[in-house]
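Using the sequences and the hints given, assemble the complete structure.
My numbering numbers the first residue of the sequence shown as 319 and each following residue consecutively.
To be clear, the hints were calculated from the coordinates, so they are not data collected in a lab.
Do not take every clue at face value.
Using 27 angstroms as the maximum straight-line C-alpha spacing, the simulated DSSO-like pairs for lysine-lysine come out as follows [said to hold, decoys possible]:
#1 K451 - K370
#2 K451 - K380
#3 K554 - K596
#4 K380 - K370
Label pairs and their calculated CB-CB ranges [what the hints assert, rightly or not]:
#5 Q593 - A622: 25 to 33 angstroms
#6 D576 - G475: 38 to 46 angstroms
#7 A551 - G434: 38 to 46 angstroms
#8 D576 - A428: 25 to 33 angstroms
#9 P507 - G608: 35 to 43 angstroms
#10 Q620 - P507: 42 to 50 angstroms
#11 M619 - Q374: 15 to 23 angstroms
#12 G578 - R376: 21 to 29 angstroms
#13 A551 - M619: 37 to 45 angstroms
#14 R503 - S375: 38 to 46 angstroms
#15 A565 - Q506: 16 to 24 angstroms
#16 G475 - P550: 20 to 28 angstroms
#17 A551 - R400: 43 to 51 angstroms
#18 R400 - K451: 24 to 32 angstroms
Virtual Cβ for every residue (Gly too), placed ideally from N, Cα, C.
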Amino acid sequence: MTQFTRRTTLAAAAALTILPRLARAQTSAQDEVVPLWPGAAPGAPAAPIHRKVADQSRDPAKPDRWVTGIDRPVLVVKRPARPNGSAMLIVPGGGYGFLSYDNEGTSQAAWLNARGVTAFILLYRLPGEGWSKREDVPLQDAQRAMRLIRAGASRFGIDPGKVGVLGFSAGGHLAGSLATRHSERVYQPVDQADSQSAAPQVAGLVYPVVSLLAPFTHVGSRDNLLGPGSTPAMQKARSVEERVDGATCPTFLVHAADDGLVPPANSIALFQALQEAKRASALHIFENGGHGFGVRLPATMQAAAWPSLFTSFAATHGVTAS
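Here is the structure:
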């Protein structure tokens with residue numbers, strides 16, 4: 319995404335029956351759509367939510383779709399031609415107010431697929447759309463997604479011990495929350511899949527929102543997640559750098575020094591917390607790139623190297639990419 323203020327073999331027959339609008343609007347014929355929840359998601363609002371897809375691009379060959387109205391959260395499965403057994407949960411950003419489906423979803427799945435990694439794009443619920451316990455809604459979906467991926471490892475052709483998470487901007491906050499709060503119970507178990515671990519093997523956070531505390535939080539993301547008038551205690555409890563512990567997975571951080579929306583101080587704070595906890599971590603701050611660059615930077619820009627750097631980091635920590 320470029321800024322916060324603008325802003326799913328054939329698909330399984332059952333999933334397409336449940337989610338026809340999603341399938342038509344956002345997936346190709348080869349995609350498999352996996353609903354996260356049997357029936358309604360936890361804390362469903364009384365009023366119906368209507369899905370909307372808005373393409374911000376002026377080039378039909380390069381869609382840039384933003385999605386709101388996530389009434390039924392799903393995983394969109396993107397399978398590689400030559401899978402190597404690794405998997406990545408992709409978490410698009412959008413300030414917790416929309417999801418940047420192409421720039422931080424399908425484009426990321428493409429380069430991961432090219433390296434043999436099975437990609438799962440998470441279309442998670444937006445906390446401000448009427449759900450109860452709004453502050454936990456995205457993490458409910460992220461934990462459930464990771465458990466479903468592991469529960470379906472044989473079906474997806476992956477190794478359940480080689481599943482990472484890759485998040486962008488506010489999606490980076492959610493990915494970081496999953497990395498640090500994977501064992502925290504934020505919903506009641508609904509089936510056998512919930513006996514699986516929600517812990518990622520490795521986390522990649524790209525220009526992430528990390529802290530919900532002043533002075534360098536992204537206020538829009540904070541308020542969309544917690545609601546207006548949140549207390550410092552609420553903000554601290556959901557600031558990723560405050561939740562790092564000995565169970566936090568190896569974490570890779572990327573930021574641009576000229577990010578005018580989410581200051582690189584977010585990534586620096588998390589890197590420092592990881593180092594203090596003696597957790598494996600890497601931080602790359604590039605001279606330029608701004609915010610929301612995804613994988614669309616010219617090859618001549620230094621920040622364009624981040625996918626290769628992440629691939630190497632992930633491989634070092636057990637999530638391979640050919």
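Hint check:
1. K451 - K370: Measuring from Cα to Cα gives roughly 23 angstroms; hence the hint holds.
2. K451 - K380: violated, 36 angstroms
3. K554 - K596: holds, 21 angstroms
4. K380 - K370: Given pair K380, K370 holds - Cα atoms ~19 angstroms apart, limit 27 angstroms.
5. Q593 - A622: 25 to 33 angstroms: Distance hint for Q593, A622 holds at roughly 26 angstroms.
6. D576 - G475: 38 to 46 angstroms: holds, 41 angstroms
7. A551 - G434: 38 to 46 angstroms: holds, 44 angstroms
8. D576 - A428: 25 to 33 angstroms: Hint holds: Cβ distance 26 angstroms, inside 25 to 33 angstroms.
9. P507 - G608: 35 to 43 angstroms: For P507 and G608 the Cβ distance comes to about 41 angstroms; the hint holds.
10. Q620 - P507: 42 to 50 angstroms: holds, 45 angstroms
11. M619 - Q374: 15 to 23 angstroms: Distance hint for M619, Q374 holds at roughly 21 angstroms.
12. G578 - R376: 21 to 29 angstroms: holds, 22 angstroms
13. A551 - M619: 37 to 45 angstroms: holds, 40 angstroms
14. R503 - S375: 38 to 46 angstroms: holds, 40 angstroms
15. A565 - Q506: 16 to 24 angstroms: Once the Cβ atoms are compared, 22 angstroms apart, the range 16 to 24 angstroms for Q506 and A565 holds.
16. G475 - P550: 20 to 28 angstroms: violated, 46 angstroms
17. A551 - R400: 43 to 51 angstroms: At 49 angstroms between Cβs, range holds.
18. R400 - K451: 24 to 32 angstroms: violated, 41 angstroms
In terms of the numbered hints stated before, the structure departs from hints 2, 16 and 18, listed from lowest to highest.
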